[in-house]
Every structure is written in structure tokens, then in C-alpha cells.
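Chemist: Now for the letters of each chain:
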Amino acid sequence: MTTYTMPDNKGRYGEFGGQFVPELLMPALIELEKAYEEAMVDPSFTEELDYYLKQYVGRETPLYFAEQLSKQLGGPKIFLKREDLNHTGAHKINNTIGQALLTLRMGKKKVVAETGAGQHGVATATVCALLGLDCIVFMGAEDIKRQKLNVFRMELLGAEVRSVSQGSSTLKDATNEALRYWASHVNDTHYILGSAVGPHPFPKIVRDLQSVIGKETKLQIIEQTGKLPDAVVACVGGGSNSIGMFHPFIEDEKVKLYGVEAAGLGVETNDHAASLTKGKLGIFHGTLSHLLQDENGQVKEAFSISAGLDYPGIGPEHSHLHDTKRATYKPITDEEALKAFQFLSKTEGIIPALESSHAVALAMKLAKEMSAKETLVICLSGRGDKDVEQVKSRLEAE
Amino acid sequence: MGSLKLEQVLQQKQAANQNLFVPYIMAGDGGLDILEERINFLQESGASAIELGIPFSDPIADGPTIQEAGIRALANGTSLKSILEFLKSTKEDRSIPIILMTYVNPIYHYGMEQFAEDCADSGVDGIIIPDVPMEEEGPIATHLSNEKIAFIRLAAMTSPEVRLKEIARKSEGFLYAVAVMGTTGVRSSHSDNVKGYLENLKKYSSVPVLAGFGVSSVEQAHELSSHCDGVIVGSKIVDLLYQGKHDEVRNLIQSSVNSKVQV
Ligand SMILES: Cc1ncc(COP(=O)(O)O)c(C=O)c1O
Numbered sequence: 001m002t003t004y005t006m007p008d009n010k011g012r013y014g015e016f017g018g019q020f021v022p023e024l025l026m027p028a029l030i031e032l033e034k035a036y037e038e039a040m041v042d043p044s045f046t047e048e049l050d051y052y053l054k055q056y057v058g059r060e061t062p063l064y065f066a067e068q069l070s071k072q073l074g075g076p077k078i079f080l081k082r083e084d085l086n087h088t089g090a091h092k093i094n095n096t097i098g099q100a101l102l103t104l105r106m107g108k109k110k111v112v113a114e115t116g117a118g119q120h121g122v123a124t125a126t127v128c129a130l131l132g133l134d135c136i137v138f139m140g141a142e143d144i145k146r147q148k149l150n151v152f153r154m155e156l157l158g159a160e161v162r163s164v165s166q167g168s169s170t171l172k173d174a175t176n177e178a179l180r181y182w183a184s185h186v187n188d189t190h191y192i193l194g195s196a197v198g199p200h201p202f203p204k205i206v207r208d209l210q211s212v213i214g215k216e217t218k219l220q221i222i223e224q225t226g227k228l229p230d231a232v233v234a235c236v237g238g239g240s241n242s243i244g245m246f247h248p249f250i251e252d253e254k255v256k257l258y259g260v261e262a263a264g265l266g267v268e269t270n271d272h273a274a275s276l277t278k279g280k281l282g283i284f285h286g287t288l289s290h291l292l293q294d295e296n297g298q299v300k301e302a303f304s305i306s307a308g309l310d311y312p313g314i315g316p317e318h319s320h321l322h323d324t325k326r327a328t329y330k331p332i333t334d335e336e337a338l339k340a341f342q343f344l345s346k347t348e349g350i351i352p353a354l355e356s357s358h359a360v361a362l363a364m365k366l367a368k369e370m371s372a373k374e375t376l377v378i379c380l381s382g383r384g385d386k387d388v389e390q391v392k393s394r395l396e397a398e
Numbered sequence: 001m002g003s004l005k006l007e008q009v010l011q012q013k014q015a016a017n018q019n020l021f022v023p024y025i026m027a028g029d030g031g032l033d034i035l036e037e038r039i040n041f042l043q044e045s046g047a048s049a050i051e052l053g054i055p056f057s058d059p060i061a062d063g064p065t066i067q068e069a070g071i072r073a074l075a076n077g078t079s080l081k082s083i084l085e086f087l088k089s090t091k092e093d094r095s096i097p098i099i100l101m102t103y104v105n106p107i108y109h110y111g112m113e114q115f116a117e118d119c120a121d122s123g124v125d126g127i128i129i130p131d132v133p134m135e136e137e138g139p140i141a142t143h144l145s146n147e148k149i150a151f152i153r154l155a156a157m158t159s160p161e162v163r164l165k166e167i168a169r170k171s172e173g174f175l176y177a178v179a180v181m182g183t184t185g186v187r188s189s190h191s192d193n194v195k196g197y198l199e200n201l202k203k204y205s206s207v208p209v210l211a212g213f214g215v216s217s218v219e220q221a222h223e224l225s226s227h228c229d230g231v232i233v234g235s236k237i238v239d240l241l242y243q244g245k246h247d248e249v250r251n252l253i254q255s256s257v258n259s260k261v262q263v
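Going line by line, the protein sequences match chains A and B. Position 336 of the first sequence, counted from 1, bears residue number 336 in my numbering, the numbering being contiguous throughout. Position 99 of the second sequence, counted from 1, bears residue number 99 in my numbering, the numbering being contiguous throughout.
One or more hints might be untrue.
[Claimed, not checked] Cross-link-like lysine-lysine pairs, in silico, DSS-like; alpha carbons within 25 Å at most:
#1 B:K203 x B:K5
#2 B:K170 x A:K300
#3 A:K325 x A:K10
#4 A:K278 x B:K5
#5 A:K346 x A:K365
#6 B:K165 x A:K34
#7 A:K71 x A:K278
#8 A:K10 x A:K280
#9 A:K71 x A:K34
#10 A:K108 x A:K71
#11 A:K278 x A:K346
#12 B:K165 x A:K280
#13 B:K203 x B:K88
#14 A:K325 x A:K392
#15 A:K10 x B:K170
#16 A:K215 x A:K254
#17 B:K81 x A:K10
#18 A:K54 x A:K215
I should point out that these hints are in silico values taken from the structure, not numbers from a laboratory. Treat the numbers as computed from the prediction; the structure is a model and nothing was measured.
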């Protein structure tokens with residue numbers, strides 16, 4: 001078994017990753033990497049992080065044996081890693097709490113973040129309220145219209161939400177604006193990036209902070225079943241909950257890793273977010289990885305029923321795991337995700353986020369090929385309360 | 001052609017006691033049909049070289065004016081390919097050096113080696129890539145160097161001295177000194193530390209140092225040029241051309257380059 005040591009000292013995962021940013025931001029990335037490496041070997045930092053993860057976020061989260069779901073599907077034993085039970089209702093806070101503590105350690109008092117549907121924005125605003133940091137969240141004007149409640153939540157938490165009407169007024173434009181803002185305020189502001197994307201060291205920092213998911217899962221599954229799982233499934237937007245789940249299992253080559261991309265209306269249409277399935281290599285938001293782009297290298301809009309998967313790029317480490325075939329990436333359509341959303345709600349009394357419903361949908365397919373002796377873990381990245389209104393109007397329209 | 005031409009032209013301008021002045025325009029803003037006319041106009045107005053922007057969907061180093069010009073250019077169907085074809089078909093008609101400013105993805109997608117070859121074929125003299133720092137420049141630097149095209153590096157006010165020295169040492173044609181903390185776009189003035197920053201770069205650099213980002217007036221051009229070799233003006237020129245105010249553009253260029261003669 002080979003040891004896995006990515007990224008290399010240039011922030012590369014094989015050929016993917018890197019630091020494609022203006023010189024203006026390079027010193028901040030170098031400072032961040034240094035601060036992060038020092039923090040992670042400083043017990044006073046890791047103990048404080050563990051304290052907040054336990055007492056504030058509510059970790060560890062359960063690994064729940066979904067007996068009804070397993071029975072109904074008639075395949076493997078299915079377990080749900082309950083990231084939906086975290087404070088603020090998703091895995092996003094595992095990352096924001098760590099980066100906010102890092103912000104303080106770097107002597108900065110201000111934070112900027114991007115958000116699509118508002119989940120990462122809320123998770124950032126929350127930890128900023130907790131730790132007394134100023135917080136500005138950039139959000140596309142279209143998303144602000146669609147996600148009024150999350151805008152209000154962020155404001156309630158003391159954050160300033162800035163509307164972005166450049167470009168298509170969605171997540172990628174909000175990220176552009178957050179990067180521009182960071183470039184103008186880099187001396188006193190940290191950028192809390194919301195997924196395992198962007199220039200090095202962000203993909204590594206976000207992965208490490210999210211790896212708590214996989215580390216807990218590994219201990220819990222061994223405790224409950226006496227062995228490692230046969231398969232692990234997680235949805236991929238930028239790729240943070242999935243890489244957090246996958247990373248502790250990478251060297252366990254018998255554990256199959258499945259990432260689920262949003263296929264929107266179908267990968268054969270123009271309306272999807274399947275960067276690995278349909279994208280080509282490209283450089284976007286500071287990193288080299290798979291990217292949805294046109295024939296001239298212009299970045300395309302992504303589409304999915306789930307706002308959290310609606311990103312034209314993907315974290316570089318996923319491109320690497322795809323390239324080396326260590327992980328398998330499959331597309332799931334809006335329709336399939338909606339069915340899984342309802343199925344899990346009815347069978348287990350758990351309403352999953354639409355993002356996580358993509359993982360549930362793939363697990364339902366995989367279960368057909370697996371035996372009762374096998375085990376499968378789904379990363380239930382978030383709860384679905386935020387999505388019920390959207391699903392309701394969609395189902396009523398049908 | 002290439003870096004040699006860029007260096008020679010800049011030397012001639014400086015030998016004639018001029019401040020250097022490089023206007024930025026967005027290729028395809030107003031359509032590629034008017035690009036030749038604009039290049040000729042800027043050449044006749046006394047520009048030292050022209051920085052030609054390649055439109056990109058996600059221009060993270062640009063403020064609103066250039067973002068919007070890029071959106072207009074893309075809506076006109078402009079692409080890197082069509083711009084290079086245009087430059088190739090018109091290269092005999094111009095003497096002014098052409099510098100392309102492009103984000104990295106369009107050239108990555110085009111193929112870096114092919115891009116360098118086609119630039120050489122199209123009479124492109126220099127390249128500026130705002131999202132490729134030293135850490136990532138290896139492959140593209142090699143291809144540009146093979147084609148003898150100047151790879152113009154950007155320095156930033158956040159860069160520590162060791163980085164500034166290395167950037168200055170590497171830069172070809174001229175050194176682009178980003179003179180604001182942030183993106184392109186008109187600013188009424190520059191911060192006080194710009195002076196020391198530019199003067200340090202002058203010490204480190206063997207090629208001319210030009211200050212860019214935020215420059216919009218003759219006064220700013222004169223002030224900055226007194227600490228380095230000249231300026232790059234983007235948003236203001238893009239805006240004036242969009243409004244059809246060609247006289248103001250001509251005046252801005254002529255007054256900016258001539259300050260040394262007057263004093
Ligand atoms: C519940 C949930 N799951 C998954 C995602 C996708 O992000 P990532 O791929 O970074 O885990 C999001 C993003 O907003 C989310 O809110």
C-alpha cells in the first residue's frame with residue numbers, strides 16, 4: 001500500500017492545483033500557508049479547534065445505521081454520516097470554525113466570504129458572530145432573490161451581505177467579487193473560502209478541516225461493524241464534504257470512493273454541473289482542475305436544482321483522484337435527487353439537503369449491485385429544511 | 001518583432017525625452033472591425049505601445065469598467081482566436097508594439113505552445129498574464145522565450161523585497177508596477193507609499209518601469225512618471241473610447257508623454 005502525501009510542496013495534486021492568482025495575493029497565500037502549518041502542530045490551536053467542534057458545532061456526529069433504508073433497498077447495510085446534525089445544519093461549519101480561528105491567529109479581525117445558496121455564508125457569519133470578527137459575504141443578486149431567508153439569517157448574525165450583479169449574478173461571480181475585495185483589503189482581511197477549491201493552500205486547508213468527517217466515520221464503522229466500509233458516497237459541489245469523507249480512506253484501497261456530481265437536466269444537455277464528467281482541464285479561481293468552459297476557454301454557467309452543487313469548477317484533489325482512478329465520479333440528475341429526497345424522508349424520517357440527496361440517489365443505484373454482507377456509507381452533508389419550500393413548489397407544479 | 005522591437009521602441013521614446021504611455025483597450029469592444037482604426041488612432045496620438053485586453057468571463061483583477069468592456073466584447077463574439085487572426089492580417093500596417101493582456105485560462109485552453117507560436121506569427125511583441133505569478137510561470141515563460149516574445153511581469157505593493165527583486169530581474173520589455181491595492185479602475189489619487197515602491201523597482205530593474213492600475217489623469221501620469229518611466233492607463237481610456245471622446249484620449253496621451261520636455 002502506498003502512502004498518500006498530496007499535495008506536493010507546490011500545492012499540486014499530480015498535475016492539478018497550483019496558485020494562479022495575481023502577485024498582489026501571493027504574499028497572503030504564503031502567509032496563510034505558514035500560519036496554517038504552524039497552527040496545526042500547535043496544541044493550543046488544535047485543542048481550541050477541538051473544543052469548538054465538540055461544544056459549539058456538536059461533534060462528533062452520529063454514524064447512523066439506516067436499517068429501514070437498507071431493508072427497502074435490499075442490498076448492503078447503509079450508514080448515514082449525520083453532518084446534517086451539525087450547528088447550522090451542514091458540514092460547512094467544520095471549515096469555517098477552523099478558518100475563523102486561523103484568522104484570529106494571523107492577527108486579522110475581518111473576514112470576507114462568497115456564498116451561493118447561503119449555506120457557507122451562514123456558516124461563516126455564525127463563527128464570525130461567535131469570535132467577534134467583522135464579516136462581509138458576497139452573494140449573487142440572483143441568489144439573493146432566491147434565498148431571502150438565508151440573507152436575513154446572515155444579517156441577523158451581524159454579517160453584511162453584498163449583492164453582486166456582475167456577470168451572471170451567481171456563485172462564480174460572487175467568488176470573483178470576494179477575490180477582488182480580498183485583493184483590496186488583504187492586509188487586514190482573511191478570505192474564508194467555502195469549498196476545497198481555489199489556490200493552494202485553500203484546497204488543503206479545507207480538506208484537512210473537513211477530514212474530521214472521514215476520521216470519525218472510520219472509527220465509528222469499525223466500532224459498529226468490525227471492518228472498513230466497502231463503499232463511501234458523497235456529493236461534490238466544489239468538493240469539501242466529499243474530500244473530507246474520502247481523505248482518511250484514500251490509502252485503504254479496498255474502500256471504493258464515489259463522488260456524485262450534479263447532472264441537472266442531464267449531462268447530455270447544457271444544463272448541468274458535471275465538471276469531471278463533461279468538463280475539460282482549465283484554470284479557474286486560482287486552480288488547475290476540470291472546468292465547464294466553452295470552445296474559447298470562457299467559463300460556463302453551471303446548473304443544478306441544488307444551489308450548493310452549482311459550481312462550474314471542482315477541487316483539484318478530485319481531479320487527481322479521478323485521474324488516478326482512486327475515486328469514481330457519477331452524475332445524478334435533478335429528478336433522481338428529488339426522488340431520493342422524498343425516499344429518505346419517508347423511510348428514515350430524515351429530510352436531506354438537495355445536495356446530499358444526490359449522494360443518496362447514487363447509493364440507491366449502487367445498492368442494487370451490492371450484497372447484504374457489504375456496507376456502504378453516505379455522507380449526509382446537510383439537512384433539507386432549507387430546501388422544502390423549493391421542493392414543494394416543484395412537486396406542486398408537476 | 002517581439003521583445004527586441006518592444007525594447008527598441010521604448011528606448012527611442014525615452015531617448016526623445018518622453019514619458020512612456022501605454023493605453024489599454026479591450027479587443028472586440030465595439031467589434032473587431034473598429035480595432036484597426038483604434039490602434040492607428042492610439043499610435044498617431046503618441047502612445048508608446050498598446051496593451052490589448054483579451055476578454056474573459058471571470059476577470060478577477062479588473063474593476064467594473066473593464067469587466068463591462070469584456071462582457072461587451074464577448075457578446076460581440078470576440079475570442080482569442082479571432083483576435084490573433086485579426087492581428088495577423090493587419091501586422092504589416094502597424095509599427096506600434098502590441099502587448100496582449102490575457103487571463104491564463106483562454107491561453108491554457110488554446111494550448112500554450114500554439115499560443116506563443118501564433119502570437120509570434122501575428123506580430124505580438126509582449127504578453128501580460130495577471131493571474132500567473134512566478135510560482136506558475138514555468139511552462140508559459142519557456143514557450144514565450146522560444147518565440148522571443150517579451151513576458152512582462154507584474155509587481156505588487158504587497159510583494160516583499162525579495163520577490164520584487166526577482167520579479168524585476170525577470171521582467172522583459174518593461175516591468176508592470178501595479179500601483180494600487182486592488183483591481184483596475186479609476187482612482188483619484190495614489191497612496192503615499194507608491195513613490196518609494198516605484199523608486200525601489202527602478203533600482204532593481206534593468207527594463208523600464210511603468211505604473212498601472214488607477215491612473216486616469218494627466219496629473220497622475222506626471223506625478224507617477226517622475227518616480228518611474230511612465231504609466232499604463234486602462235479604465236479611463238476604455239471609458240473615453242466607449243463614449244466616443246477621442247479628443248480627450250489624444251490629449252491625455254500627448255500631455256502625459258510630454259511633461260519631460262516642458263520642465
Ligand atoms: C448541504 C451541502 N452539501 C454539499 C454542498 C456542496 O459543497 P461541497 O462540495 O464543498 O461539499 C453544499 C454547498 O453549499 C451544501 O450546503
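Chemist: Does each hint fit the structure? Answer for all of them.
Modeler: Cross-check of the supplied hints:
1. B:K203 x B:K5: It holds: about 24 Å lies between the C-alpha atoms, which stays within 25 Å.
2. B:K170 x A:K300: 34 Å, violated
3. A:K325 x A:K10: 22 Å, holds
4. A:K278 x B:K5: 43 Å, violated
5. A:K346 x A:K365: 18 Å, holds
6. B:K165 x A:K34: 22 Å, holds
7. A:K71 x A:K278: Violated, because 34 Å separates the two Cα atoms, which is more than 25 Å.
8. A:K10 x A:K280: 22 Å, holds
9. A:K71 x A:K34: 49 Å, violated
10. A:K108 x A:K71: 51 Å, violated
11. A:K278 x A:K346: 33 Å, violated
12. B:K165 x A:K280: 36 Å, violated
13. B:K203 x B:K88: With Cα atoms ~37 Å apart, K203 (chain B) and K88 (chain B) exceed 25 Å; violated.
14. A:K325 x A:K392: Violated - the C-alpha atoms of K392 (chain A) and K325 (chain A) are around 38 Å apart, more than 25 Å.
15. A:K10 x B:K170: Status holds; Cα separation ~20 Å.
16. A:K215 x A:K254: 17 Å, holds
17. B:K81 x A:K10: Given pair K81 (chain B), K10 (chain A) is violated - Cα atoms ~31 Å apart, limit 25 Å.
18. A:K54 x A:K215: OK: K54 (chain A) and K215 (chain A) at ~15 Å, within 25 Å.
Comparing the model with each numbered hint stated earlier shows that hints 2, 4, 7, 9, 10, 11, 12, 13, 14, 17 do not hold.
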